[in-house]
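Asker: Could you put together the complete structure from these sequences and hints?
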Amino acid sequence: MKTKQLLSLGWITALLFITGTFILGSLVRDYSFVAQTVSEIGQQGSPQELSWQIFSILIGLLIILFSFGLIAFARRNNWSVIPAIFVLFAGLSQFGTALFPSPHPLHNVFGLSMTIGYFSPLVFGLPWKNKLGGSFRGYSLLAFGLIMIGIFLNLSPLFAHDLYPLEYYGLVQRFLLFTFYLYLGYVGVVASKRP
0 MKTKQLLSLG WITALLFITG TFILGSLVRD YSFVAQTVSE IGQQGSPQEL SWQIFSILIG
60 LLIILFSFGL IAFARRNNWS VIPAIFVLFA GLSQFGTALF PSPHPLHNVF GLSMTIGYFS
120 PLVFGLPWKN KLGGSFRGYS LLAFGLIMIG IFLNLSPLFA HDLYPLEYYG LVQRFLLFTF
180 YLYLGYVGVV ASKRP
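Per numbering that gives the first Met the number 0, the very first residue in the sequence shown carries number 0; after that it's consecutive.
A portion of the hints provided could be inaccurate.
BS3-like cross-link-like pairs, simulated, lysine-lysine; straight-line CA separation at most 30 Å [stated by the list, open to error]:
#: 1; residue 1: K192; residue 2: K3
#: 2; residue 1: K130; residue 2: K1
#: 3; residue 1: K1; residue 2: K192
These are computed hints drawn from the structure, not numbers from a lab.
Answerer: So this is what it looks like as structure tokens:
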């Protein structure tokens with residue numbers, strides 16, 4: 000695949016992940032997008048366990064291929080490849096969550112390892128600054144801030160049970176995930192427009 004094709008996988012992955020979670024979630028009886036996590040769509044024993052596992056592996060593969068495109072793009076422009084390595088970690092973490100469906104203990108280990116990938120907007124925003132347009136750094140730092148809020152809210156039930164009603168935990172998790180995937184889409188679009 001050419002670099003531009005690999006870079007287009009950023010927005011393709013974002014679109015696929017967001018629509019896929021809604022489609023597969025709607026196939027699970029009594030599933031609540033507001034209260035339940037995306038992992039519960041394909042948890043052990045779910046009627047969508049295999050579908051979700053295949054879907055998650057595909058998403059992981061697309062993220063990894065996208066990171067290869069980012070590495071090639073960065074090398075061609077003599078930029079740091081470190082941001083792309085963070086995206087690569089996100090893809091590998093996605094594979095781990097797919098291979099070990101919830102409630103397997105390793106599912107949460109790989110889910111937490113996704114935090115490395117969640118730092119990619121910060122890592123893009125610092126060394127690449129405004130190389131992809133005047134507002135790239137600002138959008139990257141905004142995405143990073145929103146992701147940090149999402150991480151805090153996702154982990155807050157461990158230390159602040161009353162911060163928000165847990166009936167909204169599914170929305171909180173989607174805020175984090177969708178922000179991250181939309182950021183990958185943004186990077187893919189702006190990078191693929193560069194000659």
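Asker: Is K1 close enough to K192, meaning Cα to Cα at most 30 Å?
Answerer: Distance of about 14 Å is within 30 Å: holds.
Asker: Does K192 pair with K3 here, judged by a C-alpha cut-off of 30 Å?
Answerer: The hint holds at about 8 Å.
Asker: Holds or violated: K130 and K1, Cα atoms, limit 30 Å.
Answerer: 21 Å, holds
Comparing the model with each earlier hint shows no violations; every hint is respected.
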